[in-house]
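So you can see what is in the structure, the chains are spelled out below.
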Amino acid sequence: MAKTSPGHFFEDYRIGQVFRHATPRTVTTGDRALYHALYPSRFALTSSDEFARACGLPQSPLEDLAAFHVVFGKTVPDISLNAIANLGYAEGRFLRPVYPGDTLVSESEVIGLKQTSNGKSGIVWVRTTGRNQRGEAVLSYARWVMVRKRDPEAPAPEAVLPELAVAVAPEALVVPEGLDFERYDPALAGSGHLWEDYAPGEIIDHVDGVTVEDAEHMMATRLWQNTARVHFDSGARPDGRRLIYGGHVISLARALSFNGLANAQLIAAINAGAHANPCFAGDTVHAWSEVLDRALTDRPGVGALRLRLVATRGPQTPGELRDEVGKYRDTVLLDFDFWALIPMRG
Amino acid sequence: MAKTSPGHFFEDYRIGQVFRHATPRTVTTGDRALYHALYPSRFALTSSDEFARACGLPQSPLEDLAAFHVVFGKTVPDISLNAIANLGYAEGRFLRPVYPGDTLVSESEVIGLKQTSNGKSGIVWVRTTGRNQRGEAVLSYARWVMVRKRDPEAPAPEAVLPELAVAVAPEALVVPEGLDFERYDPALAGSGHLWEDYAPGEIIDHVDGVTVEDAEHMMATRLWQNTARVHFDSGARPDGRRLIYGGHVISLARALSFNGLANAQLIAAINAGAHANPCFAGDTVHAWSEVLDRALTDRPGVGALRLRLVATRGPQTPGELRDEVGKYRDTVLLDFDFWALIPMRG
Amino acid sequence: MAKTSPGHFFEDYRIGQVFRHATPRTVTTGDRALYHALYPSRFALTSSDEFARACGLPQSPLEDLAAFHVVFGKTVPDISLNAIANLGYAEGRFLRPVYPGDTLVSESEVIGLKQTSNGKSGIVWVRTTGRNQRGEAVLSYARWVMVRKRDPEAPAPEAVLPELAVAVAPEALVVPEGLDFERYDPALAGSGHLWEDYAPGEIIDHVDGVTVEDAEHMMATRLWQNTARVHFDSGARPDGRRLIYGGHVISLARALSFNGLANAQLIAAINAGAHANPCFAGDTVHAWSEVLDRALTDRPGVGALRLRLVATRGPQTPGELRDEVGKYRDTVLLDFDFWALIPMRG
Numbered sequence: 000m001a002k003t004s005p006g007h008f009f010e011d012y013r014i015g016q017v018f019r020h021a022t023p024r025t026v027t028t029g030d031r032a033l034y035h036a037l038y039p040s041r042f043a044l045t046s047s048d049e050f051a052r053a054c055g056l057p058q059s060p061l062e063d064l065a066a067f068h069v070v071f072g073k074t075v076p077d078i079s080l081n082a083i084a085n086l087g088y089a090e091g092r093f094l095r096p097v098y099p100g101d102t103l104v105s106e107s108e109v110i111g112l113k114q115t116s117n118g119k120s121g122i123v124w125v126r127t128t129g130r131n132q133r134g135e136a137v138l139s140y141a142r143w144v145m146v147r148k149r150d151p152e153a154p155a156p157e158a159v160l161p162e163l164a165v166a167v168a169p170e171a172l173v174v175p176e177g178l179d180f181e182r183y184d185p186a187l188a189g190s191g192h193l194w195e196d197y198a199p200g201e202i203i204d205h206v207d208g209v210t211v212e213d214a215e216h217m218m219a220t221r222l223w224q225n226t227a228r229v230h231f232d233s234g235a236r237p238d239g240r241r242l243i244y245g246g247h248v249i250s251l252a253r254a255l256s257f258n259g260l261a262n263a264q265l266i267a268a269i270n271a272g273a274h275a276n277p278c279f280a281g282d283t284v285h286a287w288s289e290v291l292d293r294a295l296t297d298r299p300g301v302g303a304l305r306l307r308l309v310a311t312r313g314p315q316t317p318g319e320l321r322d323e324v325g326k327y328r329d330t331v332l333l334d335f336d337f338w339a340l341i342p343m344r345g
Numbered sequence: 000m001a002k003t004s005p006g007h008f009f010e011d012y013r014i015g016q017v018f019r020h021a022t023p024r025t026v027t028t029g030d031r032a033l034y035h036a037l038y039p040s041r042f043a044l045t046s047s048d049e050f051a052r053a054c055g056l057p058q059s060p061l062e063d064l065a066a067f068h069v070v071f072g073k074t075v076p077d078i079s080l081n082a083i084a085n086l087g088y089a090e091g092r093f094l095r096p097v098y099p100g101d102t103l104v105s106e107s108e109v110i111g112l113k114q115t116s117n118g119k120s121g122i123v124w125v126r127t128t129g130r131n132q133r134g135e136a137v138l139s140y141a142r143w144v145m146v147r148k149r150d151p152e153a154p155a156p157e158a159v160l161p162e163l164a165v166a167v168a169p170e171a172l173v174v175p176e177g178l179d180f181e182r183y184d185p186a187l188a189g190s191g192h193l194w195e196d197y198a199p200g201e202i203i204d205h206v207d208g209v210t211v212e213d214a215e216h217m218m219a220t221r222l223w224q225n226t227a228r229v230h231f232d233s234g235a236r237p238d239g240r241r242l243i244y245g246g247h248v249i250s251l252a253r254a255l256s257f258n259g260l261a262n263a264q265l266i267a268a269i270n271a272g273a274h275a276n277p278c279f280a281g282d283t284v285h286a287w288s289e290v291l292d293r294a295l296t297d298r299p300g301v302g303a304l305r306l307r308l309v310a311t312r313g314p315q316t317p318g319e320l321r322d323e324v325g326k327y328r329d330t331v332l333l334d335f336d337f338w339a340l341i342p343m344r345g
Numbered sequence: 000m001a002k003t004s005p006g007h008f009f010e011d012y013r014i015g016q017v018f019r020h021a022t023p024r025t026v027t028t029g030d031r032a033l034y035h036a037l038y039p040s041r042f043a044l045t046s047s048d049e050f051a052r053a054c055g056l057p058q059s060p061l062e063d064l065a066a067f068h069v070v071f072g073k074t075v076p077d078i079s080l081n082a083i084a085n086l087g088y089a090e091g092r093f094l095r096p097v098y099p100g101d102t103l104v105s106e107s108e109v110i111g112l113k114q115t116s117n118g119k120s121g122i123v124w125v126r127t128t129g130r131n132q133r134g135e136a137v138l139s140y141a142r143w144v145m146v147r148k149r150d151p152e153a154p155a156p157e158a159v160l161p162e163l164a165v166a167v168a169p170e171a172l173v174v175p176e177g178l179d180f181e182r183y184d185p186a187l188a189g190s191g192h193l194w195e196d197y198a199p200g201e202i203i204d205h206v207d208g209v210t211v212e213d214a215e216h217m218m219a220t221r222l223w224q225n226t227a228r229v230h231f232d233s234g235a236r237p238d239g240r241r242l243i244y245g246g247h248v249i250s251l252a253r254a255l256s257f258n259g260l261a262n263a264q265l266i267a268a269i270n271a272g273a274h275a276n277p278c279f280a281g282d283t284v285h286a287w288s289e290v291l292d293r294a295l296t297d298r299p300g301v302g303a304l305r306l307r308l309v310a311t312r313g314p315q316t317p318g319e320l321r322d323e324v325g326k327y328r329d330t331v332l333l334d335f336d337f338w339a340l341i342p343m344r345g
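Chains as they are written, first to last, in numbering that gives the first Met the number 0: chain A, 0 to 345; chain B, 0 to 345; chain C, 0 to 345.
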């Protein structure tokens with residue numbers, strides 16, 4: 000009996016099938032230190048226990064994206080080991096902060112299946128939920144990937160396409176219990192720009208750039224226990240380059256967005272995400288944001304901004320996303336649509 | 000008086016001489032995070048405090064190999080600064096788990112000496128013991144290295160060759176106090192293959208490969224406070240390459256072995272180890288294992304597997320270790336013989 | 000309104016102006032692990048909680064230079080984002096150990112201003128103080144940088160040149176509360192050379208060299224939340240090279256100085272520092288020290304050594320710092336003058 004896992008193929012998936020993913024993981028302040036070493040993150044709430052306590056939390060939570068990467072990484076062996084492409088995300092919601100000491104597990108349910116027209120692969124939709132040691136859901140998101148078939152002759156399953164919201168409704172955003180911006184200190188946070196200062200349509204150039212090294216993205220991706228071969232093995236692609244995990248680009252862009260969005264302290268939801276072009280070591284990642292929407296939450300003083308965060312290869316003109324036929328420009332690495340929580344002027 | 004240590008030379012060693020090595024080191028969850036960032040380790044017991052508690056331990060222990068590297072690293076300034084070659088390991092036993100917060104010290108006793116035939120160097124055997132802050136031994140191993148003489152004319156000492164076991168006897172394996180696989184969750188651990196499923200002679204291809212960067216192996220080796228110049232200084236070798244610390248390859252291979260040996264949670268003993276060929280940045284490390292033996296331990300439900308773990312440069316045919324004259328193939332980096340603890344089906 | 004900070008220009012500074020810098024930061028054992036992974040540090044007091052307790056401290060403090068880098072990093076967005084050159088340090092004093100769990104904030108006051116003769120830039124002197132979560136000052140230093148003017152036509156301010164001491168007086172050195180070398184174990188610390196063994200004029204070659212990688216210095220510099228573009232963005236300089244943060248070289252050299260100064264456990268003061276030449280990835284950093292002075296402190300058994308720590312590109316003749324016209328040799332990277340605390344023979 001083969002002991003090494005070849006991963007699953009399209010014909011292995013069934014609607015309703017549930018995967019309890021392997022390797023629970025206790026996150027610690029060591030993960031936070033590495034997060035800060037790998038991404039130029041300066042958001043005060045995830046940097047200082049004192050700042051977090053002044054905002055009503057017991058201590059500084061793990062970066063939301065770190066929690067996302069840990070939960071996501073566990074799904075790779077079951078969901079995307081034989082993936083041809085990571086097609087999208089939707090309905091991502093951060094349900095509860097993750098703190099150092101918490102142990103995360105991850106579970107996915109197959110919610111959609113559709114064979115591709117050439118019959119050699121299919122699209123699998125899953126809804127993944129990360130839970131802490133008390134069984135509480137900390138985040139949940141839908142994701143769809145194109146997966147190879149083991150046997151191209153295997154019959155196509157009945158197509159099931161899940162209905163997924165274009166964006167998480169503001170009413171569905173979860174504000175962490177206790178979060179309170181009454182004593183918020185904008186100077187310490189690095190900017191006086193609060194919820195009221197951002198208007199839909201506004202474009203923000205985050206200015207700074209970071210040239211990425213192979214050692215860095217591999218360390219990050221391993222930290223999330225993401226095992227996809229293409230990130231680590233220079234023999235995995237014909238060009239000998241190691242593809243950078245898309246989540247690494249998300250975290251880089253989010254960290255760069257501090258310069259212009261310093262008070263957008265927490266991510267409440269992921270509406271959509273596209274890895275428009277591959278990223279490789281040597282690329283210099285820049286970022287810009289567009290304010291898409293603005294909403295209230297059910298917590299007084301806590302506003303929400305819907306942001307499009309775009310990562311580019313090299314500095315590009317902010318706001319330029321697609322070419323004349325609607326295709327992503329080849330300098331666009333990431334188009335990420337999310338809701339952030341930000342203090343209101345009150 | 001010279002303040003910088005030139006290290007010891009062959010004629011400085013005496014049978015029975017004891018070195019209390021410098022720099023005690025408190026290990027923390029920061030070390031664990033770095034271990035996960037540097038090696039693709041996914042063993043549940045060293046990833047999750049909850050999983051460890053379900054296995055009867057107070058929390059997730061530090062990776063056995065991390066403890067080994069910390070203990071080993073301290074010996075370098077006294078034992079191998081002037082070493083020409085690291086020749087072998089034997090009788091390595093893990094005696095007690097190391098937990099974050101523990102402080103490790105290291106001590107070595109000279110147990111063997113033999114001048115080489117050309118008179119310019121000699122082989123030094125030491126037995127090294129690592130202890131925690133309570134003075135309890137956490138691991139112990141014998142190691143022998145070829146060390147330069149300061150003065151080629153120095154007289155040869157009487158040759159003393161220690162008797163070292165070819166392998167640690169199963170009866171000598173120490174199962175950590177409290178370890179209990181009664182409530183073991185194979186799905187969460189990542190594989191249903193338990194002790195009974197492995198048979199001597201079985202060869203397992205671990206499939207995945209990792210291309211190594213200089214920044215990575217240097218960070219790892221520094222973390223273990225191993226100071227051997229050849230790992231860090233591109234001026235140390237005529238070819239300008241930095242030799243990767245052999246222990247880095249052991250940890251890489253062990254982590255890769257998860258894919259096929261996910262339940263081999265703990266290392267109980269190191270029987271032997273050979274760094275067959277040097278490893279450098281740019282090499283892609285692959286691994287395969289051979290099941291050498293299978294044994295019971297004194298703890299019900301806890302089985303032991305004796306494994307040969309082989310690391311190779313590039314993907315190689317599993318099982319092929321030596322050429323027709325018995326020499327290691329030049330693609331073999333590591334031949335590591337150890338006992339692992341693994342749940343029994345019960 | 001522009002949301003991204005362009006940094007401040009020379010004409011923005013006023014004598015007496017105070018900057019409360021952004022992003023408080025809780026330091027943890029994760030930072031310590033990264034410090035050990037990035038620098039070959041082996042000083043026992045910052046490696047072992049047990050050793051620190053034997054020296055009268057509650058636990059192992061964060062490396063003084065790590066605290067310095069964290070405090071310094073916060074100042075970059077307000078002080079040196081538009082700096083042309085980092086000109087010097089003076090009157091640096093370490094006032095209180097920083098422990099894992101402490102949260103650091105940073106504040107700077109403008110204490111000097113002088114427009115340069117060409118009218119396009121000016122020198123800004125600031126005194127920066129780092130404080131912990133109890134508001135206690137942990138370190139303080141003066142620093143001066145040459146900063147661009149936004150508008151070359153802006154009028155020159157009245158020149159104010161602060162009086163800064165050439166060196167911190169021994170009487171002003173702060174010995175951490177409780178520090179006591181009565182039970183100091185030199186063997187465990189790695190050397191028998193104590194305060195009495197060092198004499199002014201003595202030159203120590205630290206022998207070892209470390210070849211630096213881009214991934215390493217960027218991870219370090221990010222960890223200190225230092226955002227200066229030139230360290231991260233290969234597009235920031237015409238030559239496409241990323242300039243290594245000067246503090247990275249200080250930490251490398253200090254760690255290398257263990258080999259010869261193993262008992263110089265703590266830094267008590269920074270008298271002066273010059274980044275004589277830029278350092279880039281691929282450089283192999285070596286170091287030598289000169290004993291400049293020796294002093295008593297107000298704590299029995301705790302001596303102070305004033306040391307010049309010099310980092311060089313490649314191995315150079317120790318003691319050779321300047322050429323015949325008094326200019327730093329082009330192989331000199333760092334000339335760092337500090338006071339260290341070291342046990343006395345008693």
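Honestly, the hints are just simulated from the structure, not real lab data. Hints are not guaranteed to be accurate.
When chains are identical, the list treats them as one kind, so a pair holds in a single copy or across two.
[To be verified] Computed cross-link-like contacts, EDC-like style, restricted to lysine to aspartate or glutamate with a CA-CA straight-line distance of at most 16 Å:
id	residue 1	residue 2
1	Lys119	Glu106
2	Lys326	Glu162
3	Lys119	Asp238
4	Lys2	Asp196
5	Lys2	Asp297
6	Lys113	Glu10
7	Lys2	Asp179
8	Lys2	Asp204
9	Lys113	Glu157
10	Lys113	Glu195
The structure presented is a predicted model; accordingly, all values stated were derived computationally and were not measured.
Against which earlier hints does the structure fall short, listed by number upward? Structure breaks hints 1, 2, 3, 5, 7, 10.
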